[in-house]
Every structure is written in structure tokens, then in C-alpha cells.
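Q: Both chains are given apart, each in its own frame, so use the hints to dock them into the complex.
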Amino acid sequence: MAEEMRIVLRNYGKIDPLKIEDYIAQGGYKALEKARSMSQSDLIAEVKKSNLRGRGGAGFNCGQKWSFAYGAESDIKYVVCNADEGEPGTYKDRLIMENDPQALLEGMAICAYAIGAKQGYIYCRGEYPQVIKILNQAIEQAVTKGVLADFAIEVRSGAGAYVCGEETALIESIEGSRGEPRFKPPYPPSQGLWGKPTIVNNVETFANLPAIVENGADWYASIGVPSYPGTKIFTLTGDVNNCTFFEVPTNTTIRELIYKFGGGIPAGKKFKAVQIGGTSGAFIPESQLDTPVAFDNMSTIGATLGSGAVFVVDETRDIVDVAARIAGFFEHESCGKCAPCREGTARIAEIMENINDGFGEMSDLALLKKLGRVMSVSCLCGLGQAAPAPVITTIEHFMADYQAKIL
Amino acid sequence: MDYKEIIASYADKPGGIIEAFHAVQSQLSYLPREVIAEAAQVFNIPVSEAYGVASFYSMFSTEPRGKNIIRICESAPCHVAGAAEVVQALERELGIFMGESTADGLFALEFTECVGQCQATPVITINGEPYLDVNAATIPGILAKYR
Ligand SMILES: Cc1cc2nc3c(=O)[nH]c(=O)nc-3n(C[C@H](O)[C@H](O)[C@H](O)COP(=O)(O)O)c2cc1C
Ligand code: FES
Numbered sequence: 000m001a002e003e004m005r006i007v008l009r010n011y012g013k014i015d016p017l018k019i020e021d022y023i024a025q026g027g028y029k030a031l032e033k034a035r036s037m038s039q040s041d042l043i044a045e046v047k048k049s050n051l052r053g054r055g056g057a058g059f060n061c062g063q064k065w066s067f068a069y070g071a072e073s074d075i076k077y078v079v080c081n082a083d084e085g086e087p088g089t090y091k092d093r094l095i096m097e098n099d100p101q102a103l104l105e106g107m108a109i110c111a112y113a114i115g116a117k118q119g120y121i122y123c124r125g126e127y128p129q130v131i132k133i134l135n136q137a138i139e140q141a142v143t144k145g146v147l148a149d150f151a152i153e154v155r156s157g158a159g160a161y162v163c164g165e166e167t168a169l170i171e172s173i174e175g176s177r178g179e180p181r182f183k184p185p186y187p188p189s190q191g192l193w194g195k196p197t198i199v200n201n202v203e204t205f206a207n208l209p210a211i212v213e214n215g216a217d218w219y220a221s222i223g224v225p226s227y228p229g230t231k232i233f234t235l236t237g238d239v240n241n242c243t244f245f246e247v248p249t250n251t252t253i254r255e256l257i258y259k260f261g262g263g264i265p266a267g268k269k270f271k272a273v274q275i276g277g278t279s280g281a282f283i284p285e286s287q288l289d290t291p292v293a294f295d296n297m298s299t300i301g302a303t304l305g306s307g308a309v310f311v312v313d314e315t316r317d318i319v320d321v322a323a324r325i326a327g328f329f330e331h332e333s334c335g336k337c338a339p340c341r342e343g344t345a346r347i348a349e350i351m352e353n354i355n356d357g358f359g360e361m362s363d364l365a366l367l368k369k370l371g372r373v374m375s376v377s378c379l380c381g382l383g384q385a386a387p388a389p390v391i392t393t394i395e396h397f398m399a400d401y402q403a404k405i406l
Numbered sequence: 000m001d002y003k004e005i006i007a008s009y010a011d012k013p014g015g016i017i018e019a020f021h022a023v024q025s026q027l028s029y030l031p032r033e034v035i036a037e038a039a040q041v042f043n044i045p046v047s048e049a050y051g052v053a054s055f056y057s058m059f060s061t062e063p064r065g066k067n068i069i070r071i072c073e074s075a076p077c078h079v080a081g082a083a084e085v086v087q088a089l090e091r092e093l094g095i096f097m098g099e100s101t102a103d104g105l106f107a108l109e110f111t112e113c114v115g116q117c118q119a120t121p122v123i124t125i126n127g128e129p130y131l132d133v134n135a136a137t138i139p140g141i142l143a144k145y146r
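The listed protein sequences derive, respectively, from chains A and L. All residue numbers for the first sequence refer to numbering that gives the first Met the number 0, where the first residue is 0 and numbers rise by one. All residue numbers for the second sequence refer to numbering that gives the first Met the number 0, where the first residue is 0 and numbers rise by one.
So here's chain L without its partners, still in its complex pose (with noise of 0.2 Å):
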């Protein structure tokens, strides 16, 4: 579906701009101006408010980003579990720090606040997918499945 039609099947929802975000997100890893400005005349708000919207989400991106999107929760109970090594073995396993996207577009490594998974920590997720107790060793076999 293009973004045009994903946004209208939304447009009866009454605040429904966020889902809509949601799911234009799911397909293109991130809001592209256009999907900005068509949820702000779908939804009858300026573009402004639209952008205010879109910014502040911690899990919406207005800039492009890689298709997988990783994250490593930073929250206390990771902290303490070794959180810090996670974030080395993944900058080191894909050449690029945290914040950046791999070159061939694969891969976007950002942090997150707890996720809810604390039973067994440090916990990454990508595309919303939970990894618990993650550790160096385990982190090639788990990005293996995405490349």
C-alpha cells in the first residue's frame, strides 16, 4: 500500500494520526515529510502540529533510518546487567555507533528506555522484537536472521 492510502484507511479514527504514524512507519522505517503533510491535511491540523507529533515519539523517526531497527534499553536494571558491553559488541558487529544506520541500509542501532522485559536482562529489540539476556557472544546469531 502506498503512504496516500495507508493514512486515509485511518482518516475515521478520531486521534488516529499516531496509528496512522505507526503504520506508515512499519514500511518505511521512517516519516518522510510527505507522510507529514498528508496526515496534517487528513487529519485537519497544520503540518506544524503534525511534525510536533511525529518528534515527539521516541519511536518515530523523521529522518531516514535503517529497515531493522535495533534497540538496547539503557534503563537501570540493563545498566547494571552489562547493557555497556551490548552496545560494543553491536557497534563493533556492525561498523557504526549508536545513533547511525548501516551503510546497505540494513540496520539502525538506537537506545531505548526499558522495555518491559526486565525478567532477564540486558534486553535488546529489533523491530519490536524482545531479545532477553543478550551478551556479545549471542549478538552475531541474533542479527544473522536479519541479514
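Isolated chain A (complex conformation) (with noise of 0.2 Å):
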């Protein structure tokens, strides 16, 4: 059975993250001087190899991603960490950022060596004012003892949107203007942050490299799936006994998630359904709960990893209730640039709050089948294209919920 392993999380605890020199005394920018003895294609070919995938929800393969923004011919390039945490459930990158700051600023800092950047922003979102201190006070501390060079990091705070998540978005919100995803391509690696070659990252993306770059690709690649190496943090709310966070191997399945790592379900109640990734994500049913949790097996059960979220709700929930108030959600988080998106969250919550409040009919879950696929091939950006999961899956998992609050 999995147990528990700690890579970005390695320094929890262990150190006192506003004191530079706790990052350095457990070996902290020995990684950074390592890449940069290297060639900038050298490092990114062993980056490619480790085949880390994007914390953020997208997995695409983050050596790739470098190799592009490398290539890019440009004098000026931009590294930009996405920090938005928006994903309702989702708080690991605040725990990375809390108690480990130096070795995001680390992770940022080789990245800006393989693709040739200068300059850095952290987008951090603006729910977390004590975060963004600590990290100001960690790049303050970097530049004094000298060990980012010539690399700049700046900070800035988003203000409360969903949306700025989406890489395009957050690009958008930097520039200072309202979060809306942009037409892709062209894609941030060539044309991002005022039009240069960008590299968006994910902080738990940033936070794996250097103990990549120091214990080599192999090491890495080696470690749970294959397709997906690696551990991935997840945070456990809900109906769960243990409601925590975990850093454990990508071949970790969901059952051990929730009754190992989790403990079980409180007052020894039954499982009922998990949601995983976010509010986003699909509701998944006991019967697929021996799924390995990286990305490609939980694409198999039309489930995602997303951020890691994992919320558990018992058999005594009203799931109905719970996916009308994400459908909710997603009406209010929709940025409105795009037709199918602000009319089809709207629309989705509607219906819903109608199902909830006793007042559906069967035609109605034909109409959100359809609405949902519409969706999710319509929608200009990841936000609109997922929002009907929660509500299909719940429908698909758990019709007779929806037949007792419609008959």
C-alpha cells in the first residue's frame, strides 16, 4: 500500500520559511547552481525526461512547455507562477508557499535559466494577504544573500476570480486589465505577458524541480505511474475523518485516499460519492474507487485530477443540493466573454435550483445532457467546457436522488 513521501512538501516543518539559511542549511539552491552548470538545453532535456506534468490541472508536460518558451526568439521573456488557487477545496499551494516560499523561488529560478528570463511574477490570489507577505519577505531575503542573480521576482495579487486561474486570464490580470481567457492560440510560450514568450507554471509545478534537478530525471520518472511520475498533494474536505492534506506517490488509488490517508467516513456513516480536482471535477461513485489517482487513469473513468481537491460527501447528503450549489458557482465565476459559457452556467443553475427546489421534471435532465455537451465543446476556456461536469455525473451516478426530488 502507498505510503505517504514528501518531495514538495520535504521541508514542512523542518524549517523556519522566513529564514533563508534553514532553506540552505537542507541543501536549498545547490539545485539552482547545478542547472545552471548546465547547458539551457541540456537542462530542459533532463526536465522533459523526468516527465513532470503541470500541477494546475492541465498536466502537459512541463520540459516540453520550457523547450517551447526556449525557442521562442525574443530578448525579453517572462516566468510567471500561477498562484490563483481558486479551485474550491484546494489549498495546497498555500501550504507550499507558507512553509517552504524559497523552494518555489528556487523552482522559478531554473526555469528562468532554460528558457533565458529575467523576470518573474508570482500571480498570487488575492484571499491569501499573509501569503503574499511571506513571499515578499522571501524574495527580499534571496536578493540579499544573491543566490537568484540576475532573475527578478514580483508579486501581485489577484482580487477575487475564478477565472484568472486559466493561464490567458491570469496573463490578462497582470497587464491590469479585467481576467478574460484569451483566443489560443497563439499560446503563452510564444505570445504571453505583453506579448513575449511565458512560461505559466503551477506553484506545486515550480516547487518539484529542484529536487529533479538534484536527484536527476530517472529518480523522478521512477516514482508512481508512469505516465504521470511523481506525488501530487491532496486535500481532503468533506465527510471524511481526517480532513488534512497528503503528499503521496501518483499510483496512490482514491480508496486509499479517502479511507487510509482519510480515515474512513465520521460516525460510521457509508460512502456515498467523491468529488475530485475541484469543483470541477466529476463526481465518481463507489465502484470506481480502486482508480490509481494521476492523470491519464482518472481521464479513463471521465473523472480528473485537477488540483487535487478531494471532497467526500455520505450517504446522507442530498447531492442535488450540493451540485445545484456548484452549478451556482460556476454562474457566478463565469467572466462573461463568451456566449455559451455565461448563458449555459446561467442556465445550468437555473435549472438546478429548480430540480432542488422541488419544481423539475425529467425533460429537464435531457436539457442539462445537452446543455452539458454543448458546453463543453462551445465554451471558450477550460471554466465553461468543465462546469456541467459536477451536474451530468451526478445525474449519470446518482439519478434516483434526482427522481425522488422530481416525481
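Honestly, the hints are just simulated from the structure, not real lab data. Treat the hints loosely; a few may be bogus.
[Claimed, not checked] If the Cβ cut is set under 8 Å, some of the chain A residues that face chain L in the computed set are:
#1 Gly88
#2 Ala158
#3 Ala160
#4 Ser172
#5 Cys242
#6 Thr278
Keep in mind the model is a prediction, meaning the values are calculated, not measured. Built from N, CA and C at the ideal position, the CB exists for glycine as well.
A: This is how it looks when you write it as C-alpha cells:
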């Protein structure tokens, strides 16, 4: 059975996060030194070979993304850290930034060297003012120590918009605009912040890099499931005994997360469903709990790994009410740029509220499914494309609960 | 500092209008029309665009509101943990409804989505400071600190 394994959180509880000396004493900034002794292309090849894939939800190969920005012709390039962490039930990036901010800075500096960037930004959600303070202190210490050399990092604050976690919306927000996603292509590695080649990676992705550079690609690639190696931090919420976080190898199963690490369902109640990856994730029934949490394994069952949020609901919960609340989330967070999302999220929320209040009809379910299909292919960004998933999967797996409200 | 000075201090930051709005709001608790007009001028964009930014982000308000901003997380994990009870308790304690401010200008009551403190739900924040595992019984004690 899988055990906890701390790569990203290796310094958690072991160092004073506000003392760079502590980080350095644990071997911090050795990886950056090693990275700078390699050629840029060798470094990128090594990261690619480790098969580190993005921890922000899309699971893109990190080294491959870097190679696009490395190859792009430009005097100015940017490294951007996505610390918007808006996915409900998720606080893993906060854990990293609060407990080991230098690991994030080192990861960003490794990326900056690899692609040839001199300026970095950390876009941190506005709901984390205390984290922003920590980051600014950490940056100040790193500058004083001179470890970042000529790479400068600035922290920018979000202001309460879930969609700004989408990388092009995030870039718009750093530029001082409304956080509306851009049409793609061009993708950020060729044209991103202020039109320049830009790498956007998640906090957890960056925090993996020092360990990968230090221990080598082969070491990392051998951990967990080969198609999505390494560890992943999960944050457990809802009806589970241990509402806390765990970093585990990616071959851990959903069942292990809930029963072994999570300690099972409280008060002797039975499991009903789990939603993984945040509020846009599918609801997963008991029959699929033996699936490993790695990216592609989750796709096979029509679910997502997403941010690593694990929201458990027990048998006594009204799952239609939960799905209706989630539909309200998407209506609120839709940025309004594209019509299928703006209208679609509002209609889903309206129909779900109706059903939840006892005014629904069976034909509503067919309507929801059709609307879900249309949105998943026609919305401009991942927000609208994924928004129907919680509703559609609860209809699929918990039809009886819907019927009970409709009849 | 007056709002003009605050905004001016961000003038050299490309895209710094959001930072400037945060800084003004921490003093005034909302973004009055003159602030938006001033920011438009400093950052050299049309007033409509500056207003577009101010109205896009849920942490910014273009209407006056109470000084201490109480936000209640209504995302699914907090929802199932009893956020509705917390809403009721806050409304009762302050004598206002969600979305309103108290007559003495001391408190504003707002919904928010997840604030990333989901280890101990339900969660509220006051001026960005999180309070975990709140319930009807703990609300009066929390509010007392701001009275
Ligand atoms: C609606 C929406 C919200 C997102 N929110 C986040 C987020 O909070 N944090 C994050 O790292 N990525 C988020 N993403 C994914 C980013 O667009 C992007 O894929 C990611 O930052 C790339 O970094 P990675 O390759 O290291 O995962 C979001 C995507 C969408 C469509
Ligand atoms: S769900 Fe309420 S703080 Fe995260």
C-alpha cells in the first residue's frame, strides 16, 4: 500500500520558512547551482525526461512547455507562477508558499535560466494576503543573499476571480485588465505576458523542480505511475475523518486516499460519492474507487485529477443540493466573454435550482445533458467546458436522488 | 495618504491598476468614482476600462460598504459543513442581510467562494483574516474584536 512521500513538502515543519539560511542548510539552492552549470538545452531535456507534468490541472509536460519558450526568438521572456489557487477545496499551493517559499523561488529561477528569462511574477490570489507578505519577505532574503543572480521576481495580487487561474486570463490580470481568457493560439510560450514568450506553471510544479534537478530525471520518473510520475498533494474536505492534506505517489488509489489517509467516513456512515480535482471535477461513485489518482487513470473513468482537492460526501447528503450549489458557483464565476458559458452556466444554475426546490421535470435532465454537451465543446476556456461535469456525473451516477426530487 | 498619492505610487508599475485599487480599498473599503477616474488617468486608459476592471473582480466594490468586510465562504465544502447556519447567525447578530452594511458603517456582509482554508470548514474572513470552524456560538466573540 502506498505511503506518504514528501518531495514538494520535504521541508514542511523542518525549517523556519522565513529564514533562507534554514532552506540553504537543507541543501536549498544547490539545484539551481547545478542547473546553471548545465547547458539550457540539457537542462530542459532533463526536465522533459523526468516526465514532470503540470500540477495546475492540465497535466502538460513541463520540459516540453519550456522548450517552446526556449526556442521562441525574443530579448524579453517571462516566468509566471500561477498561485491563484481558486479551485474550491484546494489549499496545497498555500501550504507550499507558507512553509517553503524558497523552494518555489528556486524552481522559478531554474525555469528562468532554462528559457532565458530575467523577470518573474507570482500571481497570488487576493484571498491570501498573509502569503503575499511571506513571499515578499522570501524574495527580499533571496535578493540579499544573491542566490537569484539577475532574475527578479515580483508578486502580484489577484482580486477574487476564479477564472484568473486560467493562464491567459491570469496574464490579462497581471497586465491590469479584466481577467478574461484569450483566444488560443497563440499560446503563452510563444506570446504571453505583454506579448512576450511566457512560461506559466503552477506552484506545485515549480516546487518539484529543485528535487528533480538535484536527484535526476530517472529518479523522479520512477516514482508513482510512469505516465504521470512523482507525488501529488491532496487536500481532503467534506465527510472524512481526517480533513487534512497528504503528499502521496501518483499510484495511490482514490480508495486509499479516503480510507487509509483520510481515515474513512465519520460516525460510521457510508460513502456516497467523491469529487476530485475541485469543483469542476466529476462525482465518482464507490465502484470506481480503486482507480489510481494519476492524470490519465482519472481520465479513463471520465474524472480529473485537477488541483488534487478531494471532497467526500456521505450517504446522508443531498447530492442534488450540492450539485445545485456548484452550479451556482459557475454562474457566479463565468467571466461573460463567451456566450455558451455566460448563458449556459446561468441556465444550468436555474434548472438545478428549480429541481432542488421541487419544481423540476424529468425533461430537465435531458436538457441539462444536452446543454452540458454543447458547453463542453463550444466554451472558450476550461471554465465553461468543465462546468457541466458535476451536474452531468451526478445525474449519471445518482439518478435516484434526482428522481426523488422530481417526482 | 490621500487616494491620489496612493494611486500615483503605483504609476510606474505596468498593469499596476489592480494593486492600486487594492491599496485604496484597504483605506476606503470601496472604490469611489473619483478613484476610478483618477486611476484611468494615471494608467492612461479610458475611464470605462478602469471601471471595467473595478467591476470585474469580486473583491472590489464600486458602492460604499461597511469598514470591516465579512465574507462567508459558500463553496461546496463549507456549504455541507453548515455555512447556511453561519449566515443566519451573522445576519441575526448584525441585524442586516447578506450584501448589506450595518447603519453604523462598521460591518459589511458578503458571500465569497472558497478562500483556501478548507482544512476547518465552515470559514469566514474579516478583512482577509480567516476564521476557521465557525458556528453560531463563536460568531459574537469574533465580531466583538471589531466593535
Ligand atoms: C477556469 C480555470 C481555472 C484554473 N485555475 C488554476 C489555478 O488556480 N492554478 C493553476 O495552477 N492552474 C489553474 N488552471 C490551469 C492553468 O490554465 C494552466 O494550465 C496552469 O497554470 C499551467 O501550469 P502547470 O502546467 O504547471 O499545471 C486553471 C484553468 C482553468 C481553465
Ligand atoms: S471551501 Fe470554504 S474555504 Fe475552501
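Q: Are the hints correct? Go through all of them and say.
A: Evaluation of the provided hints:
Interface hint status for glycine 88 of chain A: upheld, as the beta-carbon distance to the closest one in chain L is roughly 5 Å, under 8 Å. A least Cβ separation of about 3 Å between alanine 158 of chain A and chain L falls short of the 8 Å threshold, and the interface hint therefore holds. A cut of 8 Å between beta carbons decides the hint on alanine 160 of chain A: the least distance to chain L is about 5 Å, and the hint holds. Hint status for serine 172 of chain A: holds, given a least beta-carbon distance of 7 Å to chain L, under 8 Å.
Hint status for cysteine 242 of chain A: holds, given a least beta-carbon distance of 6 Å to chain L, under 8 Å. Interface restraint check: threonine 278 of chain A against chain L, minimum CB-CB distance 6 Å, threshold 8 Å, status holds.
Of the numbered hints stated above, none is contradicted by the structure.
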